[in-house]
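Chemist: These are the residues of each chain, in order.
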Amino acid sequence: MRAGMTGYILKRLLLIIPTLFGVAVLIFLLLRVVPGDVVEARYMGQGGQFQSQEQMQLERKKLGLDQPMWKQFTTWMAGIARLDFGLSMWTGSPITEEIKLRFALSLQLAIMASTVATLLAIPLGILAAIKQDTWVDYAVRVFSIAGLAMPSFWLGILMILCMLIIFKWLPPMVFTPFWVNPWENLAQLFWPALAVGYRYSAVGTRMMRSAMLEVLREDYIRTARAKGLWMKLILSRHAMKNAILPVLTIISLEFAFLLGGLVVTEQVFNLNGLGMLFVEAIARRDYTLTQALVMLVATTFLIVNFAVDIAYAWLDPRIRYR
Amino acid sequence: MRQIVRLFALAAAAALSLASIAQTPRSGGELVFPVPSEPPSYDGHREETFGLIHPFAPFYNTLLRVDPNDTGGTKPAPSLAESWTVSPDSKTYTFKLRSGVKFHDGSEMTSKDVKASYDKIIFPPAGVGSTRQGQYAVVEAVEAPDAYTVRFRLKYASASFLASLLSPYNFIYKADTLAKDMNWYEKNIMGTGPFTFVEHVKGSHVVGKKNANYWDQGKPYLDGFRAIFMPSSSAQVAAVRAERAHIQFRGFSPKDRDTLKAALGDKITVQESPWDCILMVGINHEKKPFDDKRVRRALSLALDRHEASKSLSQIAIVKAVAGVQVPGTPFATPPEELNKLAGYWTDAAKSRAEARRLLKEAGVPEGFSFTFTNRGVPMPYEPLAVWMIDQWRQIGLNVKQEVLEGAAYFTPLRTGGTQVHMDFQCGYIVEPDLDMYKFLSTSRNPANYGRYSDPVLDDLYDKQSRATNVEERKRLVRQFEKRLLDEEAHYLMTLQWHRIIPHSSKLKGWTVTPSHYLNNTLDTVWLTQ
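If you read the protein sequences in the order shown, they are chains H and L.
In case it helps, our numbering puts the first sequence at residues 1 to 322.
In case it helps, our numbering puts the second sequence at residues 1 to 529.
FYI, nobody ran anything at the bench for these hints, they're computed from the structure.
Result set (DSS-like, lysine-lysine): computed pairs, CA atoms no more than 30 Å apart in a straight line:
no., chain 1, residue 1, chain 2, residue 2
1, L, 115, H, 61
2, L, 187, H, 100
3, L, 115, H, 62
4, H, 62, L, 202
5, H, 100, L, 209
6, H, 62, H, 100
7, H, 61, L, 202
8, L, 202, H, 100
9, L, 482, L, 310
10, L, 180, H, 61
11, H, 168, L, 209
12, H, 71, L, 187
13, H, 168, L, 261
14, H, 61, L, 187
15, L, 267, H, 168
16, L, 255, H, 168
17, L, 91, L, 115
Short, incomplete list of chain H residues facing chain L, as computed with Cβ under 10 Å:
no., residue
18, 93
19, 165
20, 268
Some chain L residues close to chain H (C-beta under 8 Å, calculated; not the full set):
no., residue
21, 40
22, 41
23, 127
24, 131
25, 134
26, 201
27, 202
28, 203
29, 204
30, 234
31, 238
32, 241
33, 242
34, 408
35, 410
From a predicted model like this one, the values you see are computed outputs, not experimental measurements.
Glycine is no exception: its CB is placed at the ideal position from the N, C-alpha and C atoms.
Pulled out of the complex, with its shape left as it was, chain H reads as follows (with noise of 0.2 Å):
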């Protein structure tokens, strides 16, 4: 079992290289079909009429842009080999100092999102489950549908504008790391954890009212109620362990999208996040920050992954990996 699990863990790990390659090659080709270059996003942006073309070559060439595509992708991979993503093309600085300023905001918001998450979907997905066709459990699923249905920006335009126009108030505009003030720091995550976790929390919920509903009708329950165990016991020893796999996966690969993936939520409440970062990225046709990016938010999504499959192991000892 202990071998097969180490193969299985080593096997896991091997395939994220060829995986991250394909992403690689993938956002590489998918960049440059998209027509227009940072130096065009750059300089004809205002106008632009008093640039000549010869100036626009000059640029391009300082970027490495006059290159032959291969020559490009070569050199990017050589970087990603010694851990160099190399500079922005558009700012000219190094991508490591644009992502560190927006991966630890991002960072802080995804775990306190997913703890928003989690502490929501569990214990009422659960609540919701014991006490089915009761009106606890139809409260339950109107909170949970009325989450699937607001999606987070606009929930959190409504926060806003409600502590504007009645408490006259509005979270801080400017990011203060939680070490230099722990209070202004939560004063602006909070809100939009609290948004962004209510949305997430609506899967959970109702994956996790349905798995228990699943689990709490198989024989195992039956034959330990019937032992006269109590139900507390139950549900926490040997309902919860196994319901709760599916809202695991959720929460989990939630957790790697809202790294780089909540770039409205971020536009409302001016976060200077990893989403704003992608788009603008993406809009200024800066190639090399794009592709650092992507990079990250897909090793993101495989560690995750990874970490659930190994989670998945540990929580359900039926899974063989063999």
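Got chain H; can you put chain L on it based on the hints?
Modeler: Leaving out everything else, chain L in the frame of chain H:
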């Protein structure tokens, strides 16, 4: 009775004195403003986005500036140059510099620095980017005969040369720094401006603090400023509404203005101005039937600009009916004369009847279809496109809109892949040379996406550019405008943008101008509390 009169006089005097106190600039406070866009680098000579000007102009001075109190945004005022003279043949401009001006590193600013800065802009060495090099093609040499004198020698007399020196982008850099590294200012900040640089957190904010050694005694009034990058307009409005920000210098929509005014009442002051930005319709002359000027004229005649001015100004940042100059500025055509041009007639029915007649004469069938390429920017591209498509439908044309985002939009324009498209221009100063350069033949300006050649138009441009007599220049500008918009209908103007700045009433000493690139040095700005 005499006592009552005396009391009234005293009360009046007190009121007057209170009023004057209220207008006396107060020192202190931090100005907070959102900036909708962030620049790629700090180098004003290289960039052309307001995202550079709003947060970084306060760290620099320019040789001249636009008078900060001039609502027309065209009047030259001293800055680092305290005075200037022009030679009788208008080919030599001599500037007397202020003495005792210090860079933020404590070194003195002299003519050497001005010369080095302008040499970088006009004659950049290989590998150094200068976006506005083309605007100074008239300059033969920049000279520094002594420490406090700078001389520009021109190849020929130019009507717009002085105006071109008002560019807010032409920061004066330190010569010694440029000598070591011409690209140093792309990643570093060090000028002579009223504020010194504190920090820039990318994607977040820029902070500046008062320059205690500023050459203009008593200024700046503010202790500092904080520019916060904020792309979302709803977040910008919320920031002003929550009184977290004092102003957003680019502009808000009419709806945002009304929302803020309704929410904050007297706490908000609104300043408005025609905006030196306009969306134009470019017509690809290489595509049939748009090579026929009757078709192009019909497209212009279909537009009821006067009615649109009333209705669209309620929902979009456009307002005035305009020709090639911002209405109300020195070279703008008066409305009664402008209304004689095709597409500017006040009788829309007559105009459309003429449009239909021209289309028929040109052999364009009823229901003729073409594609209108638009830029994927909501305001004001979207409402203007919707309006124009409806207007063209009223003369029997069937228009399909193709919306392209960001950088993708320029590729078909540049390569001639469009039929009819939205084009635009924004200027830092209203000046015929800058505003009309766009329309020169493609051989002279590749950014003319109409892809036409018109030597007559080019000749008129050159003549007005060299006309030193104002009245003569006005006449030539009108001829240019008539040929461009009426006789040949090379390009169609939509409506002039309208700049709306609702700002905190605590903010004083700032005047709106037609350009969102101007008046951002912040030396005259102060806060009442």
